[in-house]
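Number of protein chains: 2
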Amino acid sequence: MEFIKGVKQKETMELSEVSSKDYAGKTIRMEGTVHTIRDMGEVAFVILRRADGLVQCVFEEGKTDFDLSLLKEESAIRVTGVVSAEERAPHGFELRLTAIEVLSQPAEVLPIAISKWKLKTSLETKLALRPITLRNPMERAKFRIQEGIVRGFRDFLHLQKFTEIRTPKIVARGAEGGSNVFKLDYFNKKAELGQSPQFYKQTMVGVYDRVFEVAPVFRAEKHNTTRHINEYTSMDFEMGYIDSFVEIMEMETGMLQYTFDLLLKEYAPELKMLKVQLPDVSNIPMVRFDQAKELVSEKYNRKIRNPYDLEPEEEVLIGRYFKEECGSDFVFVTHYPSKKRPFYAMDDPADERFTLSFDLLFKGLEITTGGQRIHDYDTIVKKMESRGMNPEDISTYLMIFRYGMPPHGGLGIGLERLTMRLLDEANIRETTLFPRDVTRLEP
Amino acid sequence: MEFIKGVKQKETMELSEVSSKDYAGKTIRMEGTVHTIRDMGEVAFVILRRADGLVQCVFEEGKTDFDLSLLKEESAIRVTGVVSAEERAPHGFELRLTAIEVLSQPAEVLPIAISKWKLKTSLETKLALRPITLRNPMERAKFRIQEGIVRGFRDFLHLQKFTEIRTPKIVARGAEGGSNVFKLDYFNKKAELGQSPQFYKQTMVGVYDRVFEVAPVFRAEKHNTTRHINEYTSMDFEMGYIDSFVEIMEMETGMLQYTFDLLLKEYAPELKMLKVQLPDVSNIPMVRFDQAKELVSEKYNRKIRNPYDLEPEEEVLIGRYFKEECGSDFVFVTHYPSKKRPFYAMDDPADERFTLSFDLLFKGLEITTGGQRIHDYDTIVKKMESRGMNPEDISTYLMIFRYGMPPHGGLGIGLERLTMRLLDEANIRETTLFPRDVTRLEP
Numbered sequence: 029m030e031f032i033k034g035v036k037q038k039e040t041m042e043l044s045e046v047s048s049k050d051y052a053g054k055t056i057r058m059e060g061t062v063h064t065i066r067d068m069g070e071v072a073f074v075i076l077r078r079a080d081g082l083v084q085c086v087f088e089e090g091k092t093d094f095d096l097s098l099l100k101e102e103s104a105i106r107v108t109g110v111v112s113a114e115e116r117a118p119h120g121f122e123l124r125l126t127a128i129e130v131l132s133q134p135a136e137v138l139p140i141a142i143s144k145w146k147l148k149t150s151l152e153t154k155l156a157l158r159p160i161t162l163r164n165p166m167e168r169a170k171f172r173i174q175e176g177i178v179r180g181f182r183d184f185l186h187l188q189k190f191t192e193i194r195t196p197k198i199v200a201r202g203a204e205g206g207s208n209v210f211k212l213d214y215f216n217k218k219a220e221l222g223q224s225p226q227f228y229k230q231t232m233v234g235v236y237d238r239v240f241e242v243a244p245v246f247r248a249e250k251h252n253t254t255r256h257i258n259e260y261t262s263m264d265f266e267m268g269y270i271d272s273f274v275e276i277m278e279m280e281t282g283m284l285q286y287t288f289d290l291l292l293k294e295y296a297p298e299l300k301m302l303k304v305q306l307p308d309v310s311n312i313p314m315v316r317f318d319q320a321k322e323l324v325s326e327k328y329n330r331k332i333r334n335p336y337d338l339e340p341e342e343e344v345l346i347g348r349y350f351k352e353e354c355g356s357d358f359v360f361v362t363h364y365p366s367k368k369r370p371f372y373a374m375d376d377p378a379d380e381r382f383t384l385s386f387d388l389l390f391k392g393l394e395i396t397t398g399g400q401r402i403h404d405y406d407t408i409v410k411k412m413e414s415r416g417m418n419p420e421d422i423s424t425y426l427m428i429f430r431y432g433m434p435p436h437g438g439l440g441i442g443l444e445r446l447t448m449r450l451l452d453e454a455n456i457r458e459t460t461l462f463p464r465d466v467t468r469l470e471p
Numbered sequence: 029m030e031f032i033k034g035v036k037q038k039e040t041m042e043l044s045e046v047s048s049k050d051y052a053g054k055t056i057r058m059e060g061t062v063h064t065i066r067d068m069g070e071v072a073f074v075i076l077r078r079a080d081g082l083v084q085c086v087f088e089e090g091k092t093d094f095d096l097s098l099l100k101e102e103s104a105i106r107v108t109g110v111v112s113a114e115e116r117a118p119h120g121f122e123l124r125l126t127a128i129e130v131l132s133q134p135a136e137v138l139p140i141a142i143s144k145w146k147l148k149t150s151l152e153t154k155l156a157l158r159p160i161t162l163r164n165p166m167e168r169a170k171f172r173i174q175e176g177i178v179r180g181f182r183d184f185l186h187l188q189k190f191t192e193i194r195t196p197k198i199v200a201r202g203a204e205g206g207s208n209v210f211k212l213d214y215f216n217k218k219a220e221l222g223q224s225p226q227f228y229k230q231t232m233v234g235v236y237d238r239v240f241e242v243a244p245v246f247r248a249e250k251h252n253t254t255r256h257i258n259e260y261t262s263m264d265f266e267m268g269y270i271d272s273f274v275e276i277m278e279m280e281t282g283m284l285q286y287t288f289d290l291l292l293k294e295y296a297p298e299l300k301m302l303k304v305q306l307p308d309v310s311n312i313p314m315v316r317f318d319q320a321k322e323l324v325s326e327k328y329n330r331k332i333r334n335p336y337d338l339e340p341e342e343e344v345l346i347g348r349y350f351k352e353e354c355g356s357d358f359v360f361v362t363h364y365p366s367k368k369r370p371f372y373a374m375d376d377p378a379d380e381r382f383t384l385s386f387d388l389l390f391k392g393l394e395i396t397t398g399g400q401r402i403h404d405y406d407t408i409v410k411k412m413e414s415r416g417m418n419p420e421d422i423s424t425y426l427m428i429f430r431y432g433m434p435p436h437g438g439l440g441i442g443l444e445r446l447t448m449r450l451l452d453e454a455n456i457r458e459t460t461l462f463p464r465d466v467t468r469l470e471p
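Protein sequences, first through last, are from chains A and B.
So that you can map any letter, position 16 of the first sequence is 44 in our numbering, and since no number is skipped, the others follow by simple counting.
So that you can map any letter, position 210 of the second sequence is 238 in our numbering, and since no number is skipped, the others follow by simple counting.
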C-alpha cells in the first residue's frame, strides 16, 4: 500500500536561500518563467521570473547543449547553474547556466511587454489583459501588499481575542438594502447579495464578544467613479462591552500600527519597488463632523451648503486640513448626523441629531465607516418605527436584542480603497485583482 | 486637538490572566453575560459567559448592595469580586462578588435553555433560533475549531510561500457551470455566482507560482442531503512547477498535519468540550479509483455497477476499508475517470481514460477534489472541442495558456464538510454558522 507522508523538500532552491547563504561557486537548480531574454551574441541574459523575485541567468555559448533559440519569453523552465556574486544583478548574484529544461512553452508571443519595469499602457488595456499584465513585477507587488494588509488586520485582531467568522453572502431580500442590491432568485425565494455582514457580525458579538470577518460584499451602485467598484473586500470587526465608541477607533488605530509594522518587516521589497512611504499612525486626529465642516469652511473659504451632509470635496479638504495642521494622512471624523446613518446606529444621548459614529478618512477618502450600535430592543424598535420601517421584516436580526446584547460597536474597512490610498493610486481598479464595475464583468 | 493613539489596556480582566497568575484574594473586575443564575437562598451562583469561558460568581446576601432579582439571564454585566480558589468551578476559581453593574438587559426570557450543557432540541429549532442557540458553549465551540482549521490552512500555506488572493464571486455566465449556478442580472449582463475560484486561481499561478484563497462558493444544487449546502466555504490552493500530482496530495497532508497540531496547541478546551479525537495524518493511504472499487467489491461482496462512477455508498465502504486495513480515517482516491472530471483536468498520459486527479475521503466522505491541470494551450483547446465546448466562451481564461503557464495543479477543500467529519456531526448544517439550503435563506 502506498502512503502520502507530507511535504518533501524540493531539489530546487528558493531565492532567499541563495541570497542568505554563501552559495558562490556552487551549482544549484531553480525554476521560473522566462521574463525576458537579452541576447548579446556570445552571451545572453535570461531573466527568470519567480514569485520571490527576478533572477539573472547568464547563458554562454557552448556552456550548455541547449539551443537558446528554443527559449521563449513566458516559457516555464528549470535551470541548473553556478552561483556567481554580481552586485548589479537583482539579489546580488547571477546564475551561470549549465543546463536548461523546458517545462512548458507558450503558444503565442505576449501582446504586451510585461517585462518593462512599469507597464506603460492605459488602465483599460491593463484590465482587459489582467491575467497577463498581473505578471508584471510592479503590478503583482500591489497585491502582495494587499495580502499583507489583510494579514495585519487578522493577526492583530486575533491577538486582541477576536474570533474569525464566516457569514452568508446570499441573504433574504430587503434586510438592510435599498435599491443598491444585486437581486437573485433563490429556489423561488427573493434573495440578494449581502451589502455588508452587519447583522451577522452583531449577532456573533452575542456569541464570541469580539468577532471579525474579511469577505466580499456587493453593491449594485451605478456610479462609475475612480473610488467605487461593485464587489469589494470588506474587513469588518465588531466588539462587545465597549464603554465608548472611542474604543473602536482605538482598535482600528492599533490595527493600522500593527499592519504597517508588518508591512515594513515582511513586505519591504514590495514597498521599495512601489516607492511606498508608510504614513505615521502613532496619533490619528479626531474631529467632530460639524466642527470639521466649520474648520474647512473657515480655512479654505468655502460656504457650508448642507450642515448634515459631507460632500466629496469637503472630505478632500478635511484631509488636507489635518495634513497641513498636524501632518496626519488620517483623520477620524465623528458624530455623523443621525439622518445619514442606518437605523442601528446609536444616537448621541447628548444630542440625538447626531450619532456615536465615525468615518476614517485617508488622504481625504473615506476608507472606514464605524460606530456604536443600539443594543437595547425597545430603542431599536422605536427607531425603526420612527423611520417607517417594519420590525417584523428583520425579526431574526432583532432576536438578538430581544434576548439581550452587550453594548457594542464596530466598523468596516474597504480593503481596495485602503490599498489604493496607501499606494497613491488614482483609481481603485488598480488595487483590485479582477475589478467588477458597471461595464466590467470579465476577466 | 484630540488624538487616537491605539488600544488602551482595559481595566477588566481576561480569564487566562486570572487562571495563569496567583490572583487568590485579589479584587478584580470582569465583564460577561449572565449565562445562568442558581439561587440557593442565602447564596446564589451567577455563571458569567465570556468568549474565553464560563466564570462562577458567588452572590452572597448582604455582600453587595445589588438586588439579585434585577438580574436576568442574558443581562450583560460588569462585576467586581474577590478571586477565590475553587477546584469544582470552571478554571479552578470563583469570584465572590462585591459589586454588579448592569450594562444591558434583555427584553424577554430566552425561548430555549441555552445554558444546558448540550442543547437538546431538533436541528430545525436550533437553526431557526441560530442567533441565540450559537450562544450555547458547545455550539460555539464548533466554530472556534472551524476558525482554527482556516488558520491552520492559511498559516501553513504562508510558510510554504503561497500568496493569498481574493477573486471575484460575480462572474460572467457560462464560464464553467452548467445548470447548478445561481444566476443574476448584472447591469443588464448575464452573470452568475462563482461555483469555484478555479479559473482565477490558475490565472494567479502565472503571477505568484503558488496561491490560495478561502472564500464562499455557491452551488444551486437542489439536493437536500445531510452533506450539501448551497453556499459554503472553499479552501483552495493552486501550485505551479509540480513534477507530479502527488505533490498536491503531499501539500494537503502537510497542511492537515500542521492544522491538527495547531488545534491541539490552541484549541484544546474546545476539542475537550466536544470530545474530539484528532485523527492521525502522519500517513495517508493512496489508492487508484479502479483499484479502490475492486478492493471494496471483493471485501464487502458488492457488485461493481458502473466502473466509471463512484456511488456514495462506495465512498463510505472505501473509507471503511482503509480504516480497517490500515487504521486511517483518510484516504486519497486517485485517477478518476476523465469523463467524470472537468475539461481542465490533465489526462493520465499512461491511460487517457483516467486523469491525474484525486479526491480525499475523510471517514468515507469526499472533502477535497484536486489534481493536475492541463497547462498547454493546444491540449486544452483540443480537449474542449472534443467535449463540444467553444473555446471562445472562455477566452480570458485561455489567455493564460496561450501566453504560457507552468505545469500546475491544486485542490479545493469544503471547510464545513471537513469540520463536520472532524466533529463527527451527522449533518453539515451543524458545522455551518448560518446554513443556506433549498428551504433556508434565514437567519
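Hints listed in this document are in silico derivations from the structure and should not be mistaken for laboratory results.
Fair warning: there could be bad hints in the mix.
[As the list claims (entries may be wrong)] The following label-pair restraints were derived from C-beta to C-beta distances:
(1) A:Asp337 with B:Lys300: 42 to 48 Å
(2) B:Phe215 with A:Asp337: 46 to 52 Å
(3) B:Ser48 with A:Glu413: 46 to 52 Å
(4) B:Asp271 with A:Met166: 26 to 32 Å
(5) B:Arg66 with A:Leu292: 39 to 45 Å
(6) A:Asn216 with B:Glu39: 31 to 37 Å
(7) B:Ser48 with A:Leu292: 43 to 49 Å
(8) B:Gly53 with A:Gln319: 30 to 36 Å
(9) A:Glu353 with B:Glu294: 43 to 49 Å
(10) B:Arg66 with A:Glu339: 54 to 60 Å
(11) A:Glu45 with B:Ser44: 37 to 43 Å
(12) A:Met166 with B:Thr153: 27 to 33 Å
[As the list claims (entries may be wrong)] Heads up, simulated DMTMM-like pairs for lysine to aspartate or glutamate below, C-alpha to C-alpha not over 20 Å straight-line:
(13) A:Lys189 with B:Asp465
(14) A:Lys36 with B:Glu275
(15) B:Lys36 with A:Asp308
(16) A:Lys217 with B:Asp465
Cβ atoms here follow ideal geometry from the backbone N, Cα and C, with glycine treated the same way.
List in ascending order the numbers of the hints, as given earlier, that are violated by the structure.
-> When the structure is compared with the hints, numbers 1, 2, 5, 6, 7, 8, 12, 13 turn out to be violated.
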